[in-house]
Structures are given as C-alpha cells and as structure tokens.
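Asks: Here is how the chains run, residue by residue.
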Amino acid sequence: MGKIKKGVRLEHISKIYKDPKTGKDFYAVKDASLTIEPGSFVTLLGPSGCGKTTTLRMIAGFESPDEGEIYLGDQPINALTPNKRDTAMVFQSYALLPHYNVFDNVAYGLKLRKIQKEELHRRVMDILALVELDGMESRMTHQLSGGQQQRVALARALVIEPSVLLFDEPLSNLDAKLRVSMRTEIRRIQQEVGITAIYVTHDQSEAMAISDDIIIMNKGIITQKGTPQEIYYHPNSEFVADFIGEANFLNGVAVEIKDDFALLQVEGNPIKVAVQAGMEIGREYSLVLRPESGNLIDKGGLPCKVVLSCFMGSYQNYHVLVGKTLVKLTVHNPKNRRIYQEGESCGLAFGPDDIHILL
Amino acid sequence: MAKSQSVALERKKLMADPVMVTTIVLLITFLALFILYPLAILLVDSFIGNNGLTFDVFKRVLDMPTFRKAITNTLNVGILVGILSTLIGLLFAYVEVYVKVGKGVGGLFKMVSMLPVVSPPFVLSLSVIMLFGKAGLITRFLLGIYDNSVYGFWGIVVVQTLTFFPVCYMMLRGLLKNIDPSLEEAARDMGASRFRVFINVTLPLLLPGLGNAFLVTFIESIADFANPMIIGGSYDTLATTIYLQITGAYDKVGAAAMAVVLLSITLLMFAVQKYYLEAKTAATLTGKASRGRMLIEDRSVTVPLKAMCALAATFVILMYICVPIGALFPTWGYKFTPLTFKWFNLVFTRYHGFVAFRDSFLLSLVSAPITALLSMIISYIVVKKRFSTKGFIEAVSMLAMAVPGTVLGVGYIRGFSGGVFHTGFLQGIYGTALILIIVFVVRSLPTGTRSGISALRQIDKSIEESAYDMGADSFRVFMTVTLPLIKDSFLSGLVTAFVRSITAISAIILLVTPQFLLITVQINEFAEKGAFSVACAFATILILITYSSVLLMNLFIKHFGTSKQIKESLNNG
Ligand SMILES: Nc1ncnc2c1ncn2[C@@H]1O[C@H](COP(=O)(O)OP(=O)(O)OP(=O)(O)O)[C@@H](O)[C@H]1O
Ligand SMILES: [Mg+2]
Numbered sequence: 001m002g003k004i005k006k007g008v009r010l011e012h013i014s015k016i017y018k019d020p021k022t023g024k025d026f027y028a029v030k031d032a033s034l035t036i037e038p039g040s041f042v043t044l045l046g047p048s049g050c051g052k053t054t055t056l057r058m059i060a061g062f063e064s065p066d067e068g069e070i071y072l073g074d075q076p077i078n079a080l081t082p083n084k085r086d087t088a089m090v091f092q093s094y095a096l097l098p099h100y101n102v103f104d105n106v107a108y109g110l111k112l113r114k115i116q117k118e119e120l121h122r123r124v125m126d127i128l129a130l131v132e133l134d135g136m137e138s139r140m141t142h143q144l145s146g147g148q149q150q151r152v153a154l155a156r157a158l159v160i161e162p163s164v165l166l167f168d169e170p171l172s173n174l175d176a177k178l179r180v181s182m183r184t185e186i187r188r189i190q191q192e193v194g195i196t197a198i199y200v201t202h203d204q205s206e207a208m209a210i211s212d213d214i215i216i217m218n219k220g221i222i223t224q225k226g227t228p229q230e231i232y233y234h235p236n237s238e239f240v241a242d243f244i245g246e247a248n249f250l251n252g253v254a255v256e257i258k259d260d261f262a263l264l265q266v267e268g269n270p271i272k273v274a275v276q277a278g279m280e281i282g283r284e285y286s287l288v289l290r291p292e293s294g295n296l297i298d299k300g301g302l303p304c305k306v307v308l309s310c311f312m313g314s315y316q317n318y319h320v321l322v323g324k325t326l327v328k329l330t331v332h333n334p335k336n337r338r339i340y341q342e343g344e345s346c347g348l349a350f351g352p353d354d355i356h357i358l359l
Numbered sequence: 360m361a362k363s364q365s366v367a368l369e370r371k372k373l374m375a376d377p378v379m380v381t382t383i384v385l386l387i388t389f390l391a392l393f394i395l396y397p398l399a400i401l402l403v404d405s406f407i408g409n410n411g412l413t414f415d416v417f418k419r420v421l422d423m424p425t426f427r428k429a430i431t432n433t434l435n436v437g438i439l440v441g442i443l444s445t446l447i448g449l450l451f452a453y454v455e456v457y458v459k460v461g462k463g464v465g466g467l468f469k470m471v472s473m474l475p476v477v478s479p480p481f482v483l484s485l486s487v488i489m490l491f492g493k494a495g496l497i498t499r500f501l502l503g504i505y506d507n508s509v510y511g512f513w514g515i516v517v518v519q520t521l522t523f524f525p526v527c528y529m530m531l532r533g534l535l536k537n538i539d540p541s542l543e544e545a546a547r548d549m550g551a552s553r554f555r556v557f558i559n560v561t562l563p564l565l566l567p568g569l570g571n572a573f574l575v576t577f578i579e580s581i582a583d584f585a586n587p588m589i590i591g592g593s594y595d596t597l598a599t600t601i602y603l604q605i606t607g608a609y610d611k612v613g614a615a616a617m618a619v620v621l622l623s624i625t626l627l628m629f630a631v632q633k634y635y636l637e638a639k640t641a642a643t644l645t646g647k648a649s650r651g652r653m654l655i656e657d658r659s660v661t662v663p664l665k666a667m668c669a670l671a672a673t674f675v676i677l678m679y680i681c682v683p684i685g686a687l688f689p690t691w692g693y694k695f696t697p698l699t700f701k702w703f704n705l706v707f708t709r710y711h712g713f714v715a716f717r718d719s720f721l722l723s724l725v726s727a728p729i730t731a732l733l734s735m736i737i738s739y740i741v742v743k744k745r746f747s748t749k750g751f752i753e754a755v756s757m758l759a760m761a762v763p764g765t766v767l768g769v770g771y772i773r774g775f776s777g778g779v780f781h782t783g784f785l786q787g788i789y790g791t792a793l794i795l796i797i798v799f800v801v802r803s804l805p806t807g808t809r810s811g812i813s814a815l816r817q818i819d820k821s822i823e824e825s826a827y828d829m830g831a832d833s834f835r836v837f838m839t840v841t842l843p844l845i846k847d848s849f850l851s852g853l854v855t856a857f858v859r860s861i862t863a864i865s866a867i868i869l870l871v872t873p874q875f876l877l878i879t880v881q882i883n884e885f886a887e888k889g890a891f892s893v894a895c896a897f898a899t900i901l902i903l904i905t906y907s908s909v910l911l912m913n914l915f916i917k918h919f920g921t922s923k924q925i926k927e928s929l930n931n932g
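So the sequence lines, in the order shown, correspond to chains A and G. Residue numbering for the first sequence is 1 to 359, as defined by my numbering. Residue numbering for the second sequence is 360 to 932, as defined by my numbering.
In case anyone wonders, no lab produced these hints; they're calculated from the structure. We put the CB at the ideal spot given by N, CA and C, even for glycine. It is possible that part of the hints are untrue.
To be verified - Cβ-Cβ distance ranges computed for the label pairs, FRET-style:
(1) A:18 - G:415: 43 to 51 Å
(2) A:126 - G:903: 55 to 63 Å
(3) G:361 - A:300: 54 to 62 Å
(4) A:191 - G:374: 36 to 44 Å
(5) A:18 - G:729: 31 to 39 Å
(6) A:126 - G:729: 43 to 51 Å
Just chain A, same shape as in the assembly:
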C-alpha cells in the first residue's frame, strides 16, 4: 500500500449533547486537543460514558463537533461527510451487511470506487488471506462465528486502503480467549499495513497490549496521553493512576529537597523519593505506589501492620495499614520468602524510584 501515511489532529474539539432526561446541554467531549502520528496505534481509554465513542464518531464524520477543527493529515475535515473521509471504521456490532456474503461485504467499498473486476477480485482475496479468511468468501455473514465476523469487518475496512482505521470496542462481543488472540492479530495487521489506527476500548490490558500511545479520557476530557509505560509509571492524576492498574495513595509533606532526592514526611516517618521538578517544601503531595513495587521487611521502612495475608499462587496478597492508610501489596514468587501473618507489625519498603509523586 504505497500511500502517504496520514496522521490525525484534533484542535480544541468539543461536542455538546442534550441530556434526554433533564433536557440540559452537557459536554460529551470538552476541549480535546491531540496529535496522532502517521502510522501509530493509539488507544482511547476511559470509563463508560467518558466520550470515547463520541470522539471516534467525530473523526469518522457521523457527529459534527461543536467547537474546534479536526485535521486528517493537513486537511481540515469538519465539513466532510463520512463517505468523503479517508477513514474506515470497525464497529462494535461488526455491522456487516446481512444480505451480502463475505466477498460482497469486503468488495462493497471497492465497487463504490469503481475498481475494475480483476483488480477488485485480487484485492478482496488478498485482504481475506491477510485476515485468514480465505475459502470463506461465499459464506453468508450469519454463517460465521463472532471472531470471523470481526475479521470480515476488519478486512472490509482495510481493503479500501484508508488513511486511518477507527475501531470502536471491536472485541467486546467476543469471549476472553478470542479477545486476546484477535488483539494480537489486529496489531500484527496494523504493523504489516503500516496504517494509522485509533482504537477505543475500556479494557486497560487490551490498551496496554496493542498501543503505541494511550489516551486516557474522563468525563469528556483528555487527562493524559503517553506510552503505556509512561501512563503506568507516571500517571498525572489520581484518576489515571487508579484507572490503570492498581494504585496505593499515600500522603506526604515535602520537608527537604535536594538535587537528586527529596524527603517527605509520610504518617510521621521520613521517606526518600526521586525529586521531581516543581516540588516545594511544606506542600502536601499524593504519592502513588504500585502494589508490586512495595515489599515487606522486618526492620526499617514505613512501620505498618498486616491486616490481610493471602496466598494467591504466583504471589502473596497483603493488605497493610500505614497509619490510617490501607496499602495493598502483591509480593511475587512467595515460595522462599518470609510470609507475614495477619496482625504482625513490620516495615513497608520501596526504592526512591518506586514512588511516583502527583504534582
């Protein structure tokens, strides 16, 4: 596919809907700005109702933004209808044309583009081979399994060689096992074709597994954009930290700031953390500790008390109280370690880099 790759840019996009119950207008998406690089795989992730689908549908052209402009490459596309936009969408419900067979479903977009018969046939068959559906071209769509239908939907979107592929929770109707294999498949095909992809999901492991970048949305607002690692280790808010993976929050007051570390007072004990730009002495900060980043030791660390100790096979699950704050820990490979029992007092230990400070 020798096309010039195009990215997508949203500039201060907002969408206003009327709440059908109260009749009041509200922002389903508010002031969203973001740049999606050509050829990258970006996921929109967030809780239900946060505006992911709305954002995607604005890019596809099914909804019109109330503020801002959307660019495909360098071209503003606000006023273009969906059929004039160089995007293709894979729907959650697959949305295959039920009166056509697999071949005709995939060929539909090409026929509209008046592609000649031989070329059309070749391209359809190539794509069907890519999604591993060769031999099924004359089946009707209701004779396919969910995973196969999803592949047809993907093939149909790919065959017209759009600049951008849009996915709206494409795997949510499949069972857990198939979801995992299909997402790997989608990632493989996207890399093979080198197409820009925007993918909506509320499954964080799915987002982690396939994305170059994750965009976290909450209540219509983009809260953070970054690689999966950045989002996980350096969340910019309690919401993001809590939404992605498990997070413990501790409160600490900065008492000393040096060049390479800072001292914070947590529940009456000083702890050492990596310093972050913009920290001020005397201010209280929220500290994020991932459950797998902490450890329990006999002496030293933050004094704490075990309230739950539970063997989970590959890890030991602890709940400990640091002062009044509950901290959850997962200690992996517990086989040859000392196991702390409920009621025991011990110390919570972590390295300076294991703590992330929310500024």
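Please arrange chain G with the ligands on chain A, whose structure you already have, making use of the hints.
Replies: This is chain G with the ligands only, laid out in the frame that chain A set:
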C-alpha cells in the same frame, strides 16, 4: 454552550448530498401541496369571505338542522361503535392469548382479522341489507318478518362494529401478549379468582390500550363514508352530509365549513390518541413477556368464551359469504334457484365491467409502487436522518392518518378545481387520472409509513453507517442496504397500498369524473339504486382481486423476502 457549529456543519454535510436535498425538497413540496394545502384551503374558504375574516359560513351551516343533526348522529354512532368494537376485540384477543384454542378456532380468528383488510368497505352493508332487510333472507324467509328496516342508526352501528372490531382485536392482542404473566400469577397465588385477577390486574394494565383502541375505532367510524351511505338511509352522518352538500346542494363553501368541523373532531381525537394514550400504553407495558403464560383450561371459563367468539366469527364470515352468493341468485329476495351467472354477465356486457376493472386496476397499480416507495423514503428520513425540517415531514405524513377521506376530497375540489389558491396554477390536473393517483397515494401513505418506520427501527443504525463509511452516499445506502433489508415491509406496503386504493371510495367519489369508471363507485351506485345483485357481482370480483393480490404477496415474500436468519441477525445486532 452553543451548538451552532455542529448545526452549521450538519447543514453543510446535508447540502453536499444533492440527491438527498432534492428528495427532501420534493417530499416537502408534495406533502405541503397535497396534504396541508387542501386542508388549509378549507379553512380559508370557510373563514374568509369577500370582506375578510367572517364566521358567516359557519353560522349558516350550523343553523342548518340537518347539519346539527348530522353532528350528533356521527358522535352517537362513533361512541357506540368505539365501545362495541373495543369490547368484541377484547373478547377475541383475550381468548387468543389466555385460552387454549384448537387449530379450527385459531384459523377462524385469522380469517376474521384478514377479511376487513381484503374486502371493500361496504361489503358488510350489502350483506346486512340482503340478510336482514325488507327482502332479507333471514328476516323475511326464516322469520317471516316483512317490514324490517335495517337502514339507520342500528344498521350503521352493526356494520361498522363488524368492520372495525378486528383492528381492536389485533391492537389488544399485541398488548395482552406483552403483559408479564407473573403479575397475574402472583395475584392468583394469593387466592384471587380469575375474574378478580382480570378486573384488578389485567384490566388496569390494559386501560390505556383500551382507550387507544376506542379512539382509533371512533375516528374510523366518524370518517367512514361508504357504510352510512349505503345503510344509513335517512340517518345522515357528517361524511354523507358533506357529500350530499356538494353533489346535491352544489354548496361547496358550505361543504368546506362542514369538512372543517369533521376534521376538527378527528384531529382532536387523533392528538389525544397519539400523544397521550400511545405514550401511556407504551409506559405501562414495557418489554416482552419473559416467558409463556399458563393457558386457561378450566372448561367453565373456556367454553362460554370460545362459544361467543365462534358465534361472532361465524356470523362475520357468513356476512362476507353472503355477497358472492347473493350475486348468484336469479332475483334476490324472490327467486333463489337455479343459481346463475347472469349478473356477472351483465356486469361485463351492459355495465362496462371491463372498463371499470381496467380503470380501477390500472390506477391502483400505478399508485401502489409510488406509495410504497414514498413511504419507505419518508420512514428512512424520519428514522435515520437528522435535519431541522424532518419533524415537518413526520408530522404531516402522520396527520394524513387523521384526515377523513371525505374531508380530503372536499379539500381537493376546493383546492384544485380552480387551481392552487384559485389562481389557475395546477388546474390542469383536476379531473385527470393524475389527481386520482395522488389521492390514492395520500390515502395509503400513513399506513405504509407506519409499517416502514417500525421495520427500520429494527435495523441497527451501524449497518447503514458502515455502508456510508465505506463511501456510499445516502442514495446508494438507501438502494443497496436499507431497501433490501426492509424488502418484506416494502412488498407488503405495496400490496396494502394496492388493496387500499382499489377499495377506496370516500375521497375518490368526490373527485372522479365520468371518463373514469371505478369499481367502488359502481358498487355504490348500484347499491343506491337497490340493484344489489349487480353490486354483489362487482364486489365479488373486487374481493377476488384483492384476495389474490394478498396471496400473491405472501407467496412472494416467502420466496424472495428477507430470509429468516438475516432477520434474526438484524434483531440481535
Ligand atoms: N446521541 C446522543 N444524545 C445525547 N447524549 C449522548 C448521545 N450519544 C452519547 N451521549 C452521551 O454522551 C456521553 C459520552 O458518550 P460516549 O458514547 O462517547 O461514551 P463512551 O466513552 O463511548 O462510553 P462506553 O464505554 O460506554 O461506550 C454519554 O454520557 C452519553 O450518554
Ligand atoms: Mg462507546
């Protein structure tokens, strides 16, 4: 918060779709010109005199004792017919949903619900006259009563009730099926008798639905022209009074004012039904019943209920059979043997039967596909499109449902005989086949639109969006996706439109010119003259035509319709 940008963008997107814009403009023009304008001109005619606004016309018609009498007559008939039809409909619906019925009774029910659809509107009037009239088979020959008169109030009530109760039956059947059986079983468990359960649980749930059925029948009854015309005798209703005002008194302005009165009544009732009762019905009965219901097997309940239904159904069927048989007797009321085809012969040799059937058939054949396509387009726009004038399109096409044919007929006479607003513009279509076709289309449009809308609501919107997303414009989406998916609804809309057109009379009788012979008008004429055998012969052939088109349609849908699997996948999608 301003939504101005999205509104502007939506408009731009719409404008980028010339086929869609043209369709919408044409549609709005059509609806405005052929539904709204004829009604508006009635208002203009009756309120605006030579020196501006005036109530003189209204005063004049309201001073006519005949007109005042017609209003009370119409309301009396309407109310009684509404009540009776709802009750009989409820009986049938209850028996079908709650009582274990055998195949025979089930088939009987199906037939009863089907007959009014395929038969011309005045068939029952004909048979009541032939069975119970002065020379009636039952009254005179079985009971020996020589002076029974069926003409008048009771004649109309009986005939209309028998004509309209199947509509109530089908409406109420749908509602009863949606009642969750566990509600009633809970009451039964607490020791309530079946009758108490019906009164305390079922009936309250059904109340808005009953009101709905009553109003629908009431509107049908007061809009009905054919039956009062044939069996009303000197008992005039609004529809027949308006007709006589035009054809007898040549008072078109007066007729316009009368039409406004009739229209106001139906519109008011329609508004109540549509916006109050329909919403209430939907609110009390949500969703489908979760599981099957325990059917009543107690014979002390089932036997009387079934007997009543079977009796009513047999009576109805007997009435319909009476028409073809009536056409075979040598002289109705005097000589019954040997059976003869002479009336059928006469129809074709003396009474221009061929011409009548050709004209009716061709006009209906032309208007049916137009109606079907138009109603699918309207449904598509109403369900799938978003733009500001959509509300207008929806409202006007629904409005047509509440307009009695007679009112529309008068509107067309006033609106087009002198051209649009009496300017001569479009005067050319008056008296031509075109205006007849337009009337047929307008009269069948609401039914088609309603069925189209419910069919389209079944289709997951993302299916069409995906086609749009692949690069198809609205026109292609409609032709390649929407239409194929609602093929069944389209086909049945086609036949319904055809049947409705070929059996129509109320509006058309006011507009037809001598150059066209229409079957229904012929039947009416012969029945008026008392030539019942000829009327029956005409009606029999008409029933044959409509019935075979319905059969043909069912066959067609079975073989070429949307397959079952596709339908299922649509519903799951
Ligand atoms: N057509 C509409 N009219 C009014 N409100 C709408 C409309 N479409 C969406 N909304 C509302 O806008 C908000 C965002 O909806 P959206 O579908 O974008 O959420 P989402 O992030 O995709 O959620 P989910 O994960 O549940 O799919 C929700 O509160 C939703 O109820
Ligand atoms: Mg969504």
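Asks: Checking each numbered hint in turn, tell me which of them this model violates, lowest number first.
Replies: No hint contradicted; all consistent.
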